[in-house]
Structures are given as structure tokens and as C-alpha cells.
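Student: Here is what each chain is made of, one letter per residue.
There are 2 protein chains.
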Amino acid sequence: MKAALLSVGTELLMGQITNTNAVYLSRELNYRGIDVMYHYTVGDNPERLAEIINLAFRDCDLVITTGGLGPTQDDMTKEIACEVMGDELVMHPEILESIRRRMAGYKITEMTPNNRKQAEMPSRAVIFRNSCGTAPGFALENIEGTKAIACMPGPPREMKTMFEKSVAQWLEEKTDSVLFYRELKCFGIGESELETVLLPLIDGQTDPTIATYAKEGECSVRVASKRATREEAEKAVDEMTEKVCDIVGKFVYSKDNEELSQVVSKMLKDRKLTLSSAESCTGGLFAAAVTDIPGSSEIFPGGFVTYSNEAKMRDLGVKKETLEKYGAVSEETALEMAEGARRKTGADIGISVTGIAGPGGETEEKHPGLAYVGFVYGDKSLCRKIDRKMNDRRRNRSHSVMVMFETLLQNI
Amino acid sequence: MKAALLSVGTELLMGQITNTNAVYLSRELNYRGIDVMYHYTVGDNPERLAEIINLAFRDCDLVITTGGLGPTQDDMTKEIACEVMGDELVMHPEILESIRRRMAGYKITEMTPNNRKQAEMPSRAVIFRNSCGTAPGFALENIEGTKAIACMPGPPREMKTMFEKSVAQWLEEKTDSVLFYRELKCFGIGESELETVLLPLIDGQTDPTIATYAKEGECSVRVASKRATREEAEKAVDEMTEKVCDIVGKFVYSKDNEELSQVVSKMLKDRKLTLSSAESCTGGLFAAAVTDIPGSSEIFPGGFVTYSNEAKMRDLGVKKETLEKYGAVSEETALEMAEGARRKTGADIGISVTGIAGPGGETEEKHPGLAYVGFVYGDKSLCRKIDRKMNDRRRNRSHSVMVMFETLLQNI
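Line order of the protein sequences matches chains Z and G. All residue numbers for the first sequence refer to our numbering, where the first residue is 8 and numbers rise by one. All residue numbers for the second sequence refer to our numbering, where the first residue is 8 and numbers rise by one.
The hints are simulated quantities; they were obtained by calculation from the structure and are not laboratory data. Please note that a few of the clues may not be correct.
Identical chains share a label here; the pair holds if one copy fits it or two copies do between them.
Under the rule of at most 30 Å between Cα atoms (straight-line distance), these lysine-lysine pairs were calculated in the BS3-like manner [unchecked claim]:
1. K396 - K276
2. K273 - K114
3. K242 - K327
4. K276 - K327
5. K276 - K326
6. K373 - K387
7. K373 - K392
8. K373 - K273
9. K373 - K276
10. K373 - K279
11. K167 - K396
12. K257 - K273
13. K114 - K373
14. K279 - K9
15. K396 - K114
16. K273 - K124
17. K273 - K396
18. K327 - K279
19. K167 - K114
20. K124 - K114
21. K172 - K396
22. K392 - K326
A quick note: this is a predicted structure, and the numbers were derived from the prediction, not measured.
Go ahead and model the full structure; you've got the sequences and the hints to work with.
Tutor: This is the structure:
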């Protein structure tokens, strides 16, 4: 099946918002074996809207639109979809009733023509409920059943929820198959190496399919299968996942698309371990990532941001001699920082980082991108050196945080 | 002038990357008074590429393409642009020479036909140098001079740099005018209120133009003018900026599109003040934002992430009675935290936050979205209550950080 995506909205053409709907839908359609041929964006202009839909149908079977379903006059997507597919709008009493109920909740009793307009839908449409907003979506086929259009609201949260809850299933019914996939998150291996070692599995793949993705320092393998039933698809994915793990298993930290911080948090919770952090160059980013996860108070009593040498000595008990002899950016300081955080908070584990994030701050022997991660747990203590020779503050900091999580994952 | 944007690349249609070029170029073109009518995305397919360009020229004067300028066979944008505009590719010796030099730097002496292909350009083209990559860009008009196409590489960094350094000027020459703008960042006022109070200035505006933008809890006013010379444009913008500030000046914290954290950092540096933080619900996010700015060690000796009550008592000296009587999420605790951070580090200013980020963690009287920001500086001490009744952890945390910066800005 070939598809085109059509985003409707002047705010996209004005550059006020980024079109994240297109990337989301492209990914979801591709996973389902649907080829995305075009992305189009147009404003709320009825002629251009109709023209683009007709153009897309010249070589596509499916058009998915986002936006232009609101209650105001310039929201025209519904009317144009009707026109192109040869249908007409009719009042749907159950939608009208649900709008009435929602308005009553806001203590509004008067219905404007605009409110009523939202309850009108093409007579042959399959309606998609909107559980996060007011405008319902719908799918509509032409009389011959050869072309279909699916229309969803523009706000990404409404669109994604509607896609997951309704449109995905509608697509499955249209394609007579069910998609199941797993996203295997990896660390310690680059995307090109990942692809190379998996090439024997990727080459000539039909179903399940294997694809690798990269995103700032992390990469992932997606194993997807489209079969007649969910059970069959899941079984095929699980079998292929095992083969993938036979090759790259030691790099995989999640088979469920979790973040590294989530996996580490869960691991600490499961083992009833607590953690404290001492950060210099990352300045609180690690603590912020740990506490981003609800319920983190169970595993994280607190942490220290010790930017100055004084703070390192006073708050963590780093020795003056250590700082003088080895410097603030050194294995010795990193270890004393980790030990200090553990001792001060009484946590089971101490983790630390000290480094030069850049730009600037370099000395003769030490350059931006250099950092040390210290780790103490029970009798175990170790230090990892990071040496990136990179002057990008933001990336050096986020890389250090990732190495801290990796160190935890590998050593507890 | 009316324009269409055409992004070329299968990776966009596969959903592997988000199209950030389109939003960037849309904004830049709109600022310059050029109406963006369409965004298109197609793969590296010559027929579809030519078809879309011809379609765009039906009602646009300008097409800007990104992507498909690389050295490989499937990069076809240059060839198709030539075909549509009625020109032919010729070898540009100076480009060939610069490729040769670049390759020599990598110790490669053999030139492949692909390398040579990159030195071919349309005979009538205006060439745009690529200072971040290999593929140059270009602009090309049709013989009548009524239509123009500008082609740039796809990687956002290469594209943006080329736009700023070359394409912007080419556009100015085409439109015989220079654009100048200021972005006024505001806090403490919502976008709709901002628009309402500025309506007398916005209504019927021609030049300078005023537009309001909103982005998660912050909003901004953009004042732009397009005149014959930069001096005239700048003068017009400055005069209008004064009028805007007469109305909303007290909400404006930057006239140069700076972040709140940057403005606060600069202010502290200028006054040679130092700051320490004590964070509970934000878990290090505030410290991470402060230390995100290079040179922050001058103003920030360090901070505390005190998640547990024990940490609040031990690291900050918060009194046990305070925690028992008022609770951890209270004005009293927030103030003792701020005071503790200041006392411990010897900083001039102490700032703190304690709250319930959610989801969960609520008590009978205290709900997610409730937080207190404490502030001490000299004899001054104050507390700000935040009460959002919102269960969104990420947004509650980032909102608290913003209020911390606001509190600093208003009180030092």
C-alpha cells in the first residue's frame, strides 16, 4: 500500500511549530509495510486542499491528514474529504450528545452552530473517538473502495492517542494483518557496527524485518513482524529477537524501548538499593535524570553538585592533597567524590563525575571532553575515564550522564 | 513573493528524522515577507521531484529545496533543477580545486567520478559555499527571470549556515530589501494576553511587523522590519521596540532572544554575586540549567539535591520541627533550605524549591503541582508559592525551574 501524509495548518507554513506528526506517522506506517511516498503541508485553503488530495491519489491508495478538524470556519478538512470521496456530511446524534455533555461539564448550555458543525461527519465514515480533545477523526473510502482517506486532529497528543487507539486497528483491518514490534535499546556499540554485525540477519529480510536507528550516543534495533494474528507476529518477533541477542545481546539493555535511566532505576528498586550522586561538570544533570522518574525517592535520597574545589572538600570530604596532587579532574578526585556522596547520605552506591565540559577550561594536559566517572558499591570501587576531545558542552555533559548510567548498569 | 519548500530524502519519508529544515526556513522566509504556500517532501526519485517543482511553480515564484545534493547516484536535485529551469551542468574548476584540496587533507589523491560530479553546477547558477560540508548549494533562475530555485544540502547545520551566510543575502538582493528583527522574551504574561494588550500596535501593521510566539511557559514578541538598508530597518525596529516596551516592558527580560538562565547568569556575573541552590522536586534541574552556561563556576560554587527529609536536615540544616510541623512541602521548609544552601556554601544568594511533581505523592492538603520557591539574599528572604494542580511531572519540574530564575531576576 502506498500512502501520502497531508498536514493542514497555517502555523506550520508560518514556521511557528515543527511538524512532528509527519515523522511519527511515517515511522508507524513504514513499520506496517505501508510506503510513504509524500509529505505535503498546506494552509486552510479549500482549493489547494482538494488539489493536493487528488494529486496524492494519483499514485497513492491512502491519504492521512492531520489538522483542520476544529470548529471554526477555516477548518475545512472534513468538507474537502467528503467532496473528494463523493460523500456528504450528516449529523451524528451520538457525537452531538457527547459534545453537549462535555460543554455541560464546563457549565455551557448554549450550542453555537460551530459546536454543531463538529458533530457532522461523512455518511459513510468510520468515526475515531478523540479521548484527549473535542474534534473526532474519521476514515472514509471512495465508493469503489480503492482509495481511503483518514483524517485526524492536528495537536500531536490528540493525533497520537487517536492513532494508537483507533487508526492502527483500522489500518490492520484494511491490510488484513497485525503488526508487532520490539525496540531493543543498545549501548557501547555504534549504529554502523551494529548494522554490520547484524547484516547476515538483515540481508534479504522479508518478515520479521530488522532495522537499526541512532540517536545521540544511543542506538536501537527494531524487530517487526506483520502477520495474520498478533500471536503469530509476536512469536516471529520473539524468535528473531533471540537471534539478534545471540549476536549483540551484551549491548542490549532494554527489549521494551526503555531509557537507560529507567532500566537502572528499576534495577535499583528491585534490589532495594539506594544511590547518591556527586556531580561536577554535569552540574545536576544526572540527578535530574534519576529524579525524572516517578517514585525516585525510594532509590535516591539526594545528591551533590560540587562545582568548586571548596564544595568538593566541604560537602564530600575530598582531600585537599588529592585536589592539589592530581587536580579536580582526575581518577583520584572522582573516587573520593563517589565515596563522599555514599558516606554522607548513607546510600548503598555512590556515583560521581568530574570533567571539563568546555568550551574553555582546558589546561596543558587536560582538554574539554575529558571526564572521570567514579563508582563505589560495597567493596567495589572503580573509575571510568571518558576522553572525547570534543568542545561541545551540551554533548559532553549528556555523554557523561550516559556513562554514569552505563557504569551503574554494568556494576550492580 | 510566494514560496514552496521541498525537502528531498527517503529518510524523512521513512520517519527516521524530523523535518526541522522546513520549520526553520518557513520562519526565516515569513520574517522576510515571503509567503510560504507549501511544504513538500519526496524521496530521491527524478520524476516525482520534477513533477513537484513544476507543480509548485504554478503558483509560487520561488522553490527552496534541501537535500539530494550529495555525491552519490541517487542524489538528483541538481540535475532536476537544471532540467526544470532550462539550464545545463558545467564543470566549475574552482569547486573541483576546493574538493581536491579537501581530499588531500584526508590524504586521498584519487578522484572518483562521484567527486567530480560535485564540482558540476548549472551554467547560470549563483553558487553558495558550504562551510560545514562538501556539497555546495546554488540558486538558479529561469531564462525569463520570473521563477527561481535555491538548492541547499539536507543536514540542518550545513543548511542553516549556508542560509545565514549566503542565501539570506541572495534573497535580499532579489527582494531589494534588508530584514532586521529583535526577539523580546517575556515572562509572567500569557501569549493571548500579550497579543491583546499589543493589539493597538498589531492591528493594521505593515512595517515593522509585530508577532507573538509561545513556547512552554514562555512567550516572546518579534519585531521585524524590511527596509532598503539595514540602518533604516534597525531604526524602525528600535522605535517599535520602544513602543512595545512602553506597554509590556515590565514582562520583557531580554531583547536579544536570550534564555532566562543566561540573563540571570549574566546579571550575577556583572554584580559579582554567587548563588547556591537546594532542590527537592526538581532534583538537580535548576543546577543543570545554571551550569549549562559556560563559565558558570564564577557564579555557582555548587548546589544540593535533597530529596529525602534526612538529606534536607543533614545537608542544609533544615530543622526537624519544621518538617514535622509544616511538612517538607511548605514555605517554612523552602526558606530553611535556601538559607542552608547559602550558609553551607558561603554564597551570596540561596535559592530553593520543594514541591510535589507528581504523578502520585499527594496528601490530603497537598497535590501534584504545588511547590514553594525559597529565596535569601542579604537581609531579604521571601517565598513564592506555585499552585498548578497539574499532574504532569516533566512540566511541573520545568515550570518550577523557571519560577526560580524569575525569582532571582526580580529580586537581585
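Student: Going through the earlier hints one by one, which of them does the structure break, listed in rising order?
Tutor: Of the numbered hints, 2, 3, 14, 16 do not hold.
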